[in-house]
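Trainee: Letter by letter, the chains look like this.
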Amino acid sequence: MRIHLAILRSAAWLVPGEQRAEWLAEWSAELWYVRQRGERQTAGFCLGSFRDAFWLRRNSPPDARPRLRFESPARCLGFLGLAVAACVLFALRFHSPDLCYHSPGLPLPPIWLALLVMLSQAVSGLPALVATTSLRLGEYPANRCGWRWVFFACKIALLLPLVFFGALDLWPIAGPPLRGTCMMVGYVIAFRWALIDQRRRCPECLRLLAHPARIGRITETFLQWYGTELACPKGHGLLHVQETPAISLPTQRWVHLDRSWSGLFL
Amino acid sequence: MAPEPKLSHTAAMILQAIHMGDGYGFSVMEMTGLPSGTVYPAMRRLERDGLIRSQWERQSIADAGQRPPRKYYKLTRPGQATLEVSERRYPLLAKLARVEVEQS
Numbered sequence: 187m188r189i190h191l192a193i194l195r196s197a198a199w200l201v202p203g204e205q206r207a208e209w210l211a212e213w214s215a216e217l218w219y220v221r222q223r224g225e226r227q228t229a230g231f232c233l234g235s236f237r238d239a240f241w242l243r244r245n246s247p248p249d250a251r252p253r254l255r256f257e258s259p260a261r262c263l264g265f266l267g268l269a270v271a272a273c274v275l276f277a278l279r280f281h282s283p284d285l286c287y288h289s290p291g292l293p294l295p296p297i298w299l300a301l302l303v304m305l306s307q308a309v310s311g312l313p314a315l316v317a318t319t320s321l322r323l324g325e326y327p328a329n330r331c332g333w334r335w336v337f338f339a340c341k342i343a344l345l346l347p348l349v350f351f352g353a354l355d356l357w358p359i360a361g362p363p364l365r366g367t368c369m370m371v372g373y374v375i376a377f378r379w380a381l382i383d384q385r386r387r388c389p390e391c392l393r394l395l396a397h398p399a400r401i402g403r404i405t406e407t408f409l410q411w412y413g414t415e416l417a418c419p420k421g422h423g424l425l426h427v428q429e430t431p432a433i434s435l436p437t438q439r440w441v442h443l444d445r446s447w448s449g450l451f452l
Numbered sequence: 005m006a007p008e009p010k011l012s013h014t015a016a017m018i019l020q021a022i023h024m025g026d027g028y029g030f031s032v033m034e035m036t037g038l039p040s041g042t043v044y045p046a047m048r049r050l051e052r053d054g055l056i057r058s059q060w061e062r063q064s065i066a067d068a069g070q071r072p073p074r075k076y077y078k079l080t081r082p083g084q085a086t087l088e089v090s091e092r093r094y095p096l097l098a099k100l101a102r103v104e105v106e107q108s
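Going line by line, the protein sequences match chains A and B. Numbering-wise (the working numbering), the first sequence opens with residue 187 and increments by one. Numbering-wise (the working numbering), the second sequence opens with residue 5 and increments by one.
Next comes chain B alone, as it looks inside the complex (with noise of 0.2 Å):
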């Protein structure tokens, strides 16, 4: 049996910012109330790991908007996978999840 992947705190609240808001940066930042130098170098070592992936917004969409394209993040399987491990682990991720719905 493979052993479960375990992720710190501040990694699996990440994940589930990626999971539960839009999945670019900022949107994360806000969520979890992370700085930023805290939150782009978490990204980019999940997206190393294979728990997450990029993709960058279409061009012609963000012309629409009248606003330069972002780059989205989205959890692969295995992603979702370390995140049910995650929640299993840490209880008070949900309530990241219950405080945006609420707010939202």
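If we strip away everything but chain A, and leave its shape as in the complex, we get (with noise of 0.2 Å):
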């Protein structure tokens, strides 16, 4: 029973905080009934519990997922820059780079070395991050998203020694054997955030977009789309997602609103 239970209360915690008592309650009474049956089911049962917690988690509102709010740039940017400074601190602190990265062969000083190392095992999880996500970042107006390019470099810019120095004070957990590939795994969950993050973003006050509704019927491609649509809660437009591609939609597509639609976003 104790174990039943482990793997119950395991899996409540993919599900949303404010459903998680009456979820693990109902689980946790169905589980007693089902163990009056016999225990040969009962594990299988339990199991079942997963899928359940993840659809949940899946289809909760936005606003019940527990999340950090980077609606803003500056406060995604001023996020990012805290989180570096925390990490450079604390691998300066207790794993001075250049003892980690001594190397007697290269006539490069530590600093050097170290920007050679972070670069090069950014590159090397570039096939691994096309594998994961796609590289597209949609159609947008070409007079609309020059700071979106900004936003989107520094970004990159504090990824880079973010993970760099993030794997480096979880190297002594790690172990010599895996650094390396700690840090390209770190570059790919990194820069794939970022993609997505720059994605979900309007392009003309770089907030995240807001309010999705679904559009269209999966059955009825051919006059229209489907996929999700997301407004900027400023009201300077509207994005298009498609589910798949189509040709009238090939990718995530910027619809700009002028001035006249303001007041539906007040």
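If you're looking for bench data, these hints aren't it; they were derived computationally from the structure.
Here are some, though not all, of the chain A residues that point toward chain B, as calculated from beta-carbon distances under 10 Å: (1) 208; (2) 222; (3) 242.
The calculated lysine to aspartate or glutamate pairs, modelled on EDC-like cross-linking and capped at a C-alpha distance of 20 Å, are: (4) B:78 with B:61; (5) B:75 with B:34; (6) B:78 with B:88; (7) B:75 with A:204; (8) B:75 with B:53; (9) B:99 with B:88; (10) B:75 with A:208; (11) B:78 with A:208; (12) B:78 with B:51.
Only a predicted model underlies this, so the values are computations on that prediction, with no experimental measurement involved. Where is the CB? At the ideal position from N, CA and C, for every residue including glycine.
Put the two chains together into one complex, using the hints given.
Mentor: Quick look at the structure:
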């Protein structure tokens, strides 16, 4: 019984906080009845709770999910900057890079050697990045996307040292054979997040888009697209994200709204 | 005229099992033979779409039976209409009901 309850409690961590107690109560009660019928199917029953918990996690309203508030670009960059500072201080205090990267064979100062390792690990993660997410950022009007690229470059510039020093902090745990792998995986995850975050921002104010709404039907793709429409909280426009690429909408598309729409976004 | 709601065969089976059975998750599993990882998410989806509603059993009733209280599911009015549409679409659903009657 204890192991079965432990499985349910583990799955409960996936359930959004405000639904967790009721979810666990329902599954625990059902477990009691399943056990009355015999032990054979109990483990299989409990393992099914993970799928239910995943479903609730995926389908809970966005506000119910605990997440960091990165809506504004300044807050996003500020958080990344603080994280970099913390990682650098921790790394310099406990694992000085010149000790970790002391290489007598190469006539380079430690800082340049660290930079070289940083860039080489980031580049070596690119094939895995391409395999896990699209590199396309969508169709945007050319005259409205200047700051997007500056913001994207800032994010990448902060993620490079963040992953490098973060991995450096974890090295005593990971051990020497896994050092390179940890850093490469870190870069793949970080760049993937940067791309996904970039695709979900308004190209004009760079705030995260909100109010997702389903559009169209999967069975009616001939004349219209189907997917998700997101809106800029400040009313700058709408982003159409298709579920599967179509001829009419091969990639996500930004629809600019002029000032006549501003009354809808107070 | 409003379009008729369409359910997958699995969702229709679960709706039928809730209608015919005792209305809790494990009874749906027993009636349909589906695993818990399929039944519970499907019931959440049906509840989200307003086809079923859930209600906890009163604590006093559960205490009298010396067992934990259960969460029961019932069909709503739109759920009953959807089930009728599904029965026309999936004639084998009626077989599920017959098997249950024979077993009881």
